[in-house]
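K.L.:
Sequence:
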Amino acid sequence: MKNWKIRYLNVLPVLVIAFLLCKLIFTTNISLSSLFSMLYSCIAYFVYGLAFAYFLNPLLVFIERNIVKKTDNQKKKNIKRGISIAVIYAVVLGFISIFVMNIVPTIVSGLNDFINGLPEYLNNFQIWVTDSLRSINPDLAKNFEGYMSNFATNIYSWVEREMDMAHVGKTVTTAVSGSAKTVIRVVFGIVISIYFLFGKEELTKHFKRFIYAVFSRERAETIMNYGKAINKIFFDFIISKLLQAFVIFILGLIILVPFDIPLAPLISLLLALTNMIPYIGPWLGGIPSVLLALVFNPIKGLIVLLFIIGMQIVDNLFIGPKIMSDRVGISPLLVIAGVAIGGTFGGIIGMFIGVPLVAVIKLVFYDSFIEQRLGTKNINL
Numbered sequence: 001m002k003n004w005k006i007r008y009l010n011v012l013p014v015l016v017i018a019f020l021l022c023k024l025i026f027t028t029n030i031s032l033s034s035l036f037s038m039l040y041s042c043i044a045y046f047v048y049g050l051a052f053a054y055f056l057n058p059l060l061v062f063i064e065r066n067i068v069k070k071t072d073n074q075k076k077k078n079i080k081r082g083i084s085i086a087v088i089y090a091v092v093l094g095f096i097s098i099f100v101m102n103i104v105p106t107i108v109s110g111l112n113d114f115i116n117g118l119p120e121y122l123n124n125f126q127i128w129v130t131d132s133l134r135s136i137n138p139d140l141a142k143n144f145e146g147y148m149s150n151f152a153t154n155i156y157s158w159v160e161r162e163m164d165m166a167h168v169g170k171t172v173t174t175a176v177s178g179s180a181k182t183v184i185r186v187v188f189g190i191v192i193s194i195y196f197l198f199g200k201e202e203l204t205k206h207f208k209r210f211i212y213a214v215f216s217r218e219r220a221e222t223i224m225n226y227g228k229a230i231n232k233i234f235f236d237f238i239i240s241k242l243l244q245a246f247v248i249f250i251l252g253l254i255i256l257v258p259f260d261i262p263l264a265p266l267i268s269l270l271l272a273l274t275n276m277i278p279y280i281g282p283w284l285g286g287i288p289s290v291l292l293a294l295v296f297n298p299i300k301g302l303i304v305l306l307f308i309i310g311m312q313i314v315d316n317l318f319i320g321p322k323i324m325s326d327r328v329g330i331s332p333l334l335v336i337a338g339v340a341i342g343g344t345f346g347g348i349i350g351m352f353i354g355v356p357l358v359a360v361i362k363l364v365f366y367d368s369f370i371e372q373r374l375g376t377k378n379i380n381l
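Per the UniProt record's numbering, the sequence shown starts with residue 1, numbered consecutively.
Honestly, the hints are just simulated from the structure, not real lab data.
Note that CB positions come from ideal geometry on N, CA and C, so glycine has one too.
Among these hints, one or two may not hold up.
DSS-like mimics (lysine-lysine), calculated; alpha carbons at most 27 Å apart, straight line [said to hold, decoys possible]:
| hint | residue 1 | residue 2 |
| --- | --- | --- |
| 1 | K200 | K77 |
| 2 | K181 | K75 |
| 3 | K77 | K181 |
| 4 | K76 | K232 |
| 5 | K80 | K181 |
| 6 | K181 | K70 |
| 7 | K76 | K181 |
| 8 | K232 | K377 |
| 9 | K142 | K228 |
| 10 | K362 | K208 |
| 11 | K77 | K205 |
| 12 | K75 | K205 |
| 13 | K205 | K228 |
| 14 | K142 | K181 |
| 15 | K69 | K80 |
| 16 | K228 | K362 |
| 17 | K377 | K208 |
Pairwise CB distance ranges (calculated) [said to hold, decoys possible]:
| hint | residue 1 | residue 2 | range |
| --- | --- | --- | --- |
| 18 | G310 | N124 | 42 to 48 Å |
| 19 | I184 | Y147 | 45 to 51 Å |
| 20 | V108 | W283 | 23 to 29 Å |
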């Protein structure tokens with residue numbers, strides 16, 4: 001009787017929390033999405049910290065295995081761990097600072113020049129297209145001229161509205177507020193990640209103790225194996241995509257800047273980031289990049305188009321195959337499904353992480369569960 005009471009008393013806190021959450025949702029105007037947003041705001045600092053620690057841990061492992069001398073003295077280990085973490089953050093923050101100081105001002109200056117010269121660019125584009133169409137079909141040229149005139153009027157109205165001081169002030173206030181919140185989260189995330197990296201062995205030990213305490217030994221070992229496989233899928237996919245994006249960004253600067261392509265750093269960055277999304281990413285980045293260059297000069301637009309085509313050929317034949325870890329072992333149909341579902345729920349970021357998520361679901365549900373069930377029934381398909 002006593003054991004029965006203890007067993008059910010252990011469930012009581014869970015029931016109380018579930019009751020309070022249900023009461024909060026159904027007796028107030030708060031929506032489920034707002035509730036999740038509120039919960040995320042509470043744990044955002046730890047999410048940032050865990051993400052930073054997750055991606056910087058391989059660098060820490062590399063330094064400790066290949067650069068720092070091994071020692072059995074715990075005090076010396078802690079000192080070397082602290083120095084390694086400091087070096088990693090100094091290098092990473094140094095690269096970020098160089099990017100911000102050199103690339104961002106160029107992008108901002110280019111956007112400013114683009115906005116100031118927009119009437120001239122649109123007028124030149126209209127004259128070029130109209131003259132080209134007039135030699136083919138005068139009526140078509142006249143219709144295009146009318147459409148272009150309406151389009152230019154709408155663009156000018158939008159620019160005037162967006163540049164209105166009251167609207168600019170409101171936009172700047174909102175942007176500064178959002179940026180300040182993000183900066184605070186990043187700073188706290190960096191501090192938390194240092195603690196994660198410094199005590200990663202102890203944290204891993206506590207996690208294993210928890211898993212083995214809650215589940216049977218066989219189930220706990222299965223969970224740990226799944227964890228290792230899931231970690232490999234996510235890490236290999238994300239790191240390989242980041243490497244591909246970096247290579248494409250550098251190629252964009254090397255090729256587009258000598259051709260004096262307007263906003264070349266912005267176009268290179270856009271192409272690099274969107275290329276991380278499988279299949280539809282090159283379209284998401286390629287179309288606006290070509291249109292942006294086309295407005296400045298049709299020849300520039302053609303150069304950007306040729307660069308994108310050549311970049312995709314090089315990426316598919318050389319860059320992708322060389323970076324072997326970006327293969328998550330799923331069919332193109334599942335990749336597209338991951339992009340579509342991820343984009344529905346998480347936007348651009350969802351499109352990116354949707355692919356490894358689908359690979360994880362395939363690993364857990366199909367590769368393990370279905371195969372196990374078929375084996376139990378002695379069915380070989």
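K.L.:
Confirm or reject each hint.
P.N.:
Cross-check of the supplied hints:
no.: 1; hint: K200 / K77; in the structure: 13 Å, holds
no.: 2; hint: K181 / K75; in the structure: 37 Å, violated
no.: 3; hint: K77 / K181; in the structure: 35 Å, violated
no.: 4; hint: K76 / K232; in the structure: 31 Å, violated
no.: 5; hint: K80 / K181; in the structure: 33 Å, violated
no.: 6; hint: K181 / K70; in the structure: 40 Å, violated
no.: 7; hint: K76 / K181; in the structure: 37 Å, violated
no.: 8; hint: K232 / K377; in the structure: 31 Å, violated
no.: 9; hint: K142 / K228; in the structure: 64 Å, violated
no.: 10; hint: K362 / K208; in the structure: 24 Å, holds
no.: 11; hint: K77 / K205; in the structure: 18 Å, holds
no.: 12; hint: K75 / K205; in the structure: 19 Å, holds
no.: 13; hint: K205 / K228; in the structure: 15 Å, holds
no.: 14; hint: K142 / K181; in the structure: 51 Å, violated
no.: 15; hint: K69 / K80; in the structure: 9 Å, holds
no.: 16; hint: K228 / K362; in the structure: 15 Å, holds
no.: 17; hint: K377 / K208; in the structure: 33 Å, violated
no.: 18; hint: G310 / N124: 42 to 48 Å; in the structure: 26 Å, violated
no.: 19; hint: I184 / Y147: 45 to 51 Å; in the structure: 47 Å, holds
no.: 20; hint: V108 / W283: 23 to 29 Å; in the structure: 26 Å, holds
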